[in-house]
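Based on the hints, put chain Z in the right spot on chain L.
There are 2 protein chains.
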Amino acid sequence: MDRPARYPATFMKLYNEHNPAPNPRRVRIFLAEKGISIPLVHVPMRQGAHKNPEFIVKNSLGQVPVLELDDGSTLSESIAICRYLEELHPEPALFGEDAWQRAQVEMWSRRIEFALMSRIGAVWVNTHKYTAHLGTQYKDFGEASRLRALKAMHWLNDEIGDREFLAGERYSMADIVALTTIDFATFIGIDMPPELTHLNAWHARVSARPSAAA
Amino acid sequence: MDRPARYPATFMKLYNEHNPAPNPRRVRIFLAEKGISIPLVHVPMRQGAHKNPEFIVKNSLGQVPVLELDDGSTLSESIAICRYLEELHPEPALFGEDAWQRAQVEMWSRRIEFALMSRIGAVWVNTHKYTAHLGTQYKDFGEASRLRALKAMHWLNDEIGDREFLAGERYSMADIVALTTIDFATFIGIDMPPELTHLNAWHARVSARPSAAA
Chain L
1 MDRPARYPAT
11 FMKLYNEHNP
21 APNPRRVRIF
31 LAEKGISIPL
41 VHVPMRQGAH
51 KNPEFIVKNS
61 LGQVPVLELD
71 DGSTLSESIA
81 ICRYLEELHP
91 EPALFGEDAW
101 QRAQVEMWSR
111 RIEFALMSRI
121 GAVWVNTHKY
131 TAHLGTQYKD
141 FGEASRLRAL
151 KAMHWLNDEI
161 GDREFLAGER
171 YSMADIVALT
181 TIDFATFIGI
191 DMPPELTHLN
201 AWHARVSARP
211 SAAA
Chain Z
1 MDRPARYPAT
11 FMKLYNEHNP
21 APNPRRVRIF
31 LAEKGISIPL
41 VHVPMRQGAH
51 KNPEFIVKNS
61 LGQVPVLELD
71 DGSTLSESIA
81 ICRYLEELHP
91 EPALFGEDAW
101 QRAQVEMWSR
111 RIEFALMSRI
121 GAVWVNTHKY
131 TAHLGTQYKD
141 FGEASRLRAL
151 KAMHWLNDEI
161 GDREFLAGER
171 YSMADIVALT
181 TIDFATFIGI
191 DMPPELTHLN
201 AWHARVSARP
211 SAAA
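Chains L and Z supply the protein sequences, listed in that same order. All residue numbers for the first sequence refer to the working numbering, where the first residue is 1 and numbers rise by one. All residue numbers for the second sequence refer to the working numbering, where the first residue is 1 and numbers rise by one.
All the given hints hold, so there is nothing to weed out.
Copies of the same chain are indistinguishable here, so a pair counts whether it falls within one copy or spans any two.
Only pairs whose alpha carbons sit at most 27 Å apart, straight line, appear in this in silico BS3-like list of lysine-lysine:
id, residue 1, residue 2
1, K151, K51
2, K151, K58
3, K34, K58
4, K139, K151
5, K129, K151
6, K13, K58
7, K34, K13
8, K13, K51
9, K129, K139
10, K129, K51
To be clear, the hints were calculated from the coordinates, so they are not data collected in a lab.
Next up, chain L with everything else stripped away, as it sits in the complex:
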């Protein structure tokens, strides 16, 4: 698995699904913020392409996104892909500018994933009509998860307060994780409550960046 620390980005490609899938979108927004272009290969998930044998050899979990290098090496997990690209293209720093800031970005990315995205994912998998064909849906658990997701949005609203961005004064990976999470929640019918003024203002701020169209 040894490989030079810097690797030409022009030889990579990114297996990707379009909106609203939140994980591939994280990488696209990250690329847009960095000004990096990587060829995208569309993996049509609704047709089950991520579970086909030719994709499973790239990621045995059958998930997108996957970054592939020209020697066939692959890397999955959106945050791992972005962290790798951050090392190849350090500016602008999206994982933080010093040890403490990097720790804050990591903390906030994880808080969003575990306190909010995990609940929204549980609603998606257990209550949504689009996922009903994938297996047993535990509806009562899914509905409880909806309430927990809303509770987490209230918590997040209080935490953001008057801060410009999630992990401090600079836009970071944590904002990307949160934006893709909130927008996916909207897609599946969990709207941000309008009374959460800090969260709504933050969302408007990060959505106004050109990268949000990615």
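Just chain Z now, kept in the frame of chain L:
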């Protein structure tokens, strides 16, 4: 939130819970592997100390571990704490030695958390007698999660194969995440199936390290 990139470790303390809580143990194993000593402050979770107001100001999610600096700044999320300490004490590198290895460690840590730990956590919260007082348990979802956790152990066994460690030839944070996850699974009654020989051999290898006693 600005702070020098390097900060004296002697001024930190770590809010901690004893075994078998997996997240605080991650940090203790990490410290043992690094040879770092940080004063531990016990937060007795069974008595609800992590939900008391004086703890909530340190982490509004009411979770351990939390790292506190001498100015009162706090950092939560086990992986964020370890990543911060890795920057202060780079050797031995537990998050990988170059960009590609660091990406592999991140990918594997996340795979364990999302494919395995999330299911084990769902069993714990939804089926275990120790968590019954915490809220509604969704037993059928919990039992389905048990089967998914076992399926993930089978997947992990195949992935490890004859590799020495999870992310390659060197012990890393990914091994720490997996060890604490597997041991927590055992604690709640989800044993590693004995026929998973690669997983069992890996577990024996990482458990033989002195750090595993942390």
